Amino acid sequence: MLLPVIMAGGSGSRLWPLSRTLYPKQFLSLTNNTTMLQETVARLEGLSHQAPFFICNEEHRFIVAEQLRQRQLSHSGIVLEPVGRNTAPAIALAALHATANDDDPLLLVLAADHVILNQTAFVDAVNSAVPQAEAGKLVTFGIVPHAPETGYGYIRQGQAVSGVAYTVDAFVEKPDTETAQQYLDSGEYYWNSGMFLFKASRYLQELEAYRPDILTACQQAMMGARGDLDFIRLDEAAFSACPDDSVDYAVMEKTQDAVVVPMDVNWSDVGSWSALWEVNAKDTQGNATQGDVLMENTTNSYIYSQSKLVATVGVDNLVVVETKDAVLIAHKDKVQDVKGIVNQLKKADRPEYLQHREVYRPWGSHDAIADGERFHVKRLTVKPGEKTATQMHYHRAEHWVVVSGTAKVRNGDKTFLVGENESTYIPIGVAHSIENPGKVPLELIEVRSGSYLEEDDVVRVEDYGVGY
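The opening residue of the sequence shown carries number 685 in this note's numbering; numbering runs sequentially from there.
Any given hint could turn out to be false.
Stated by the list, open to error - When the alpha-carbon atoms are kept at most 35 Å apart in a straight line, the in silico DSBU-like pairs for lysine-lysine are as follows:
id : residue 1 : residue 2
1  : Lys1023   : Lys1008
2  : Lys966    : Lys1071
3  : Lys966    : Lys1008
4  : Lys858    : Lys1018
5  : Lys858    : Lys1016
6  : Lys858    : Lys1092
7  : Lys992    : Lys1023
8  : Lys1071   : Lys1008
9  : Lys1030   : Lys992
10 : Lys1008   : Lys1018
11 : Lys1071   : Lys1030
12 : Lys992    : Lys1016
13 : Lys992    : Lys1098
14 : Lys1023   : Lys858
15 : Lys1031   : Lys858
16 : Lys966    : Lys992
17 : Lys1031   : Lys1008
18 : Lys992    : Lys1008
19 : Lys1031   : Lys1016
20 : Lys992    : Lys1031
21 : Lys1023   : Lys938
22 : Lys938    : Lys1067
23 : Lys938    : Lys992
24 : Lys1016   : Lys1030
25 : Lys1018   : Lys1030
26 : Lys1016   : Lys1067
27 : Lys1092   : Lys1031
28 : Lys1098   : Lys1123
29 : Lys938    : Lys1008
30 : Lys1123   : Lys1071
31 : Lys1031   : Lys1018
32 : Lys938    : Lys966
33 : Lys966    : Lys858
34 : Lys858    : Lys938
35 : Lys1071   : Lys992
36 : Lys1008   : Lys1092
37 : Lys1123   : Lys992
38 : Lys1092   : Lys1123
39 : Lys992    : Lys1018
It is worth saying that the hints were derived from the structure and are not from the lab. Keep in mind the model is a prediction, meaning the values are calculated, not measured.
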């Protein structure tokens, strides 16, 4: 039986401003009403598999858990990486976890941020590769190319080893346009998808042969691991000392047992806004839109609205993306340069590269509404049965107004209920928390006032939940 290993890391720069460092593209709904992470799990339907195993950055842990909960999706574990160390160590963690109880499943390694429009062909390709993986081969899936794409690495096929698999003759770096056209014309090259299938033990054997330093670091990190709710926390020092390397460089380019199985599934890694335009449905004028959008004499464009009406007149080949705190306007042929904007934001230490205006927490979310010299207004949503951390502030007071639902409020040494259209006042230096004891989401407005309103004016009174 297969053990899907879903890698859910990412930096969130190529699809800015929709993706951010703390909310990268795998957690977004880009082609329909489900997120890319949820789509990756749904894609497994039709395969005989165990509950998936997830690997993600520590700061994304609650997003992963919440998105699985939303769709009632089970998992075999969620490993938290304290730092990013690329795909070779990530897969090693999954293989070590899978073999800890003397099991040796086939690991189906998938990225959480890919679009695959032909699920039937995906399932067929994976099933056809199972005999090769069971025989000890390390299978990589090569995407059948339909254009001379310069943004992907390529795999050159060698001799046929079965009706569906070929030896890997070479891994090739991203080519220029002329070379990419030659690859396409030859029919011997595939896009490197970053999807794999192999026995957990075989991967560990090859990693030990070619990168024993990575294997040793991952073994030490797993030996010092501990459980924390749904998560597996690694030994931070051990994993931080692990070398950074991709599975291609560390293993697949060195092993003698690599085979490639072609996959023709209408695939994209959605590496840019133009790639997202390509995989979305378009109108008769070639426009892909989402949200509240009006167009006049607009062609071949991608237009996304998150919170406001976006109107375009007389434009062609543009990307227009509106979020609550930023607007991007780019020529569709220049979207790779969005990273330059993200780098400028980082250098200026602006928050727009890091997270959205609306921030998700285990207990719900908070959204900044208005700012002034001595005030800050937020909208808070607390999920049923959840509670914020108990905390206090030295420089600000807070007013809470309940819009819908019922709040159980701790205010100093008192605990009481606050209903709809009611409010309470939290003085400076008083311990407080909010709990939703009801069955529906709790919505409230928080007004901060004082001489200092930043997030670091927080003193935790008890280690309960995660504050805001």
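Each hint tested on the structure:
1. Taking the CA atoms of Lys1023 and Lys1008, the gap is about 20 Å. The hint holds against a cut of 35 Å.
2. Distance restraint check for Lys966 and Lys1071: the Cα-Cα separation of roughly 43 Å exceeds the 35 Å cut-off, and the hinted pair is therefore not satisfied.
3. Of the pairs offered as hints, the one joining Lys966 and Lys1008 holds, with about 25 Å between alpha carbons and a cut-off of 35 Å not exceeded.
4. At roughly 18 Å between alpha-carbon atoms, Lys858 and Lys1018 fall within 35 Å of each other, so this suggested pair holds.
5. Using a Cα cut-off of 35 Å, the hinted pair Lys858 and Lys1016 holds, with the two alpha carbons roughly 20 Å apart.
6. For a cut-off of 35 Å, the pair hint linking Lys858 to Lys1092 is broken: about 57 Å separates their Cα positions.
7. Pair hint Lys992 plus Lys1023 holds up; C-alpha atoms about 24 Å apart against a cutoff of 35 Å.
8. Taken as a hint, the Lys1071 and Lys1008 pair is honoured in the structure, with Cα atoms around 26 Å apart against an allowance of 35 Å.
9. Only pairs whose Cα atoms come within 35 Å are accepted, and Lys1030 paired with Lys992 is accepted, the gap being roughly 26 Å.
10. Simply put, Lys1008 and Lys1018 have alpha-carbon atoms about 23 Å apart, close enough for the 35 Å limit, and the pair holds.
11. Distance check on the hinted pair: Lys1071 and Lys1030 sit about 32 Å apart at the alpha-carbon level, within 35 Å; holds.
12. Only pairs whose Cα atoms come within 35 Å are accepted, and Lys992 paired with Lys1016 is accepted, the gap being roughly 22 Å.
13. Of the pairs offered as hints, the one joining Lys992 and Lys1098 is violated, with about 41 Å between alpha carbons and a cut-off of 35 Å exceeded.
14. A hinted pair counts as satisfied when its Cα atoms are at most 35 Å apart, and Lys1023 with Lys858 qualifies at roughly 18 Å.
15. Using a Cα cut-off of 35 Å, the hinted pair Lys1031 and Lys858 holds, with the two alpha carbons roughly 29 Å apart.
16. The hinted pair formed by Lys966 and Lys992 meets the criterion: a straight-line CA distance of about 21 Å does not exceed 35 Å.
17. Distance check on the hinted pair: Lys1031 and Lys1008 sit about 22 Å apart at the alpha-carbon level, within 35 Å; holds.
18. Pair hint Lys992 plus Lys1008 holds up; C-alpha atoms about 8 Å apart against a cutoff of 35 Å.
19. Using a Cα cut-off of 35 Å, the hinted pair Lys1031 and Lys1016 holds, with the two alpha carbons roughly 25 Å apart.
20. Taking the CA atoms of Lys992 and Lys1031, the gap is near 28 Å; set against the 35 Å cutoff, the hint holds.
21. Simply put, Lys1023 and Lys938 have alpha-carbon atoms about 32 Å apart, close enough for the 35 Å limit, and the pair holds.
22. Only pairs whose Cα atoms come within 35 Å are accepted, and Lys938 paired with Lys1067 is rejected, the gap being roughly 49 Å.
23. Note on Lys938 and Lys992: the hinted pairing is violated, with a Cα-Cα distance of about 51 Å set against a maximum of 35 Å.
24. Simply put, Lys1016 and Lys1030 have alpha-carbon atoms about 23 Å apart, close enough for the 35 Å limit, and the pair holds.
25. Distance hint between Lys1018 and Lys1030 is fulfilled; the C-alpha atoms sit about 20 Å from each other, no more than 35 Å.
26. Proximity of Lys1016 to Lys1067 is assessed by CA-CA distance (about 39 Å); at most 35 Å being required, the pair is judged violated.
27. For the given pair, Lys1092 sits about 42 Å from Lys1031 by alpha-carbon distance, which is inconsistent with the 35 Å threshold.
28. With a C-alpha separation of about 23 Å, the suggested pair Lys1098 and Lys1123 falls inside the 35 Å cut-off, and the hint holds.
29. Of the pairs offered as hints, the one joining Lys938 and Lys1008 is violated, with about 47 Å between alpha carbons and a cut-off of 35 Å exceeded.
30. Restraint check for Lys1123 and Lys1071: satisfied, since their Cα atoms lie roughly 13 Å apart, inside the 35 Å limit.
31. For a cut-off of 35 Å, the pair hint linking Lys1031 to Lys1018 stands: about 21 Å separates their Cα positions.
32. Between Lys938 and Lys966, the direct Cα distance comes to roughly 43 Å. Violation of the 35 Å bound is thereby established for this hinted pair.
33. The straight-line distance between the Cα atoms of Lys966 and Lys858 is roughly 28 Å, inside the 35 Å bound, and the hint therefore holds.
34. Distance restraint check for Lys858 and Lys938: the Cα-Cα separation of roughly 19 Å lies within the 35 Å cut-off, and the hinted pair is therefore satisfied.
35. Only pairs whose Cα atoms come within 35 Å are accepted, and Lys1071 paired with Lys992 is accepted, the gap being roughly 31 Å.
36. Between the alpha carbons of Lys1008 and Lys1092 the distance comes to roughly 30 Å, so the proposed pair stays at or under 35 Å and holds.
37. For the given pair, Lys1123 sits about 30 Å from Lys992 by alpha-carbon distance, which is consistent with the 35 Å threshold.
38. About 13 Å separates the Cα atoms of Lys1092 and Lys1123, which keeps this hinted pair within 35 Å; it holds.
39. With a CA separation close to 25 Å, the supplied pair Lys992 and Lys1018 stays within the 35 Å bound.
In summary, the numbered hints that this structure violates are 2, 6, 13, 22, 23, 26, 27, 29, 32.
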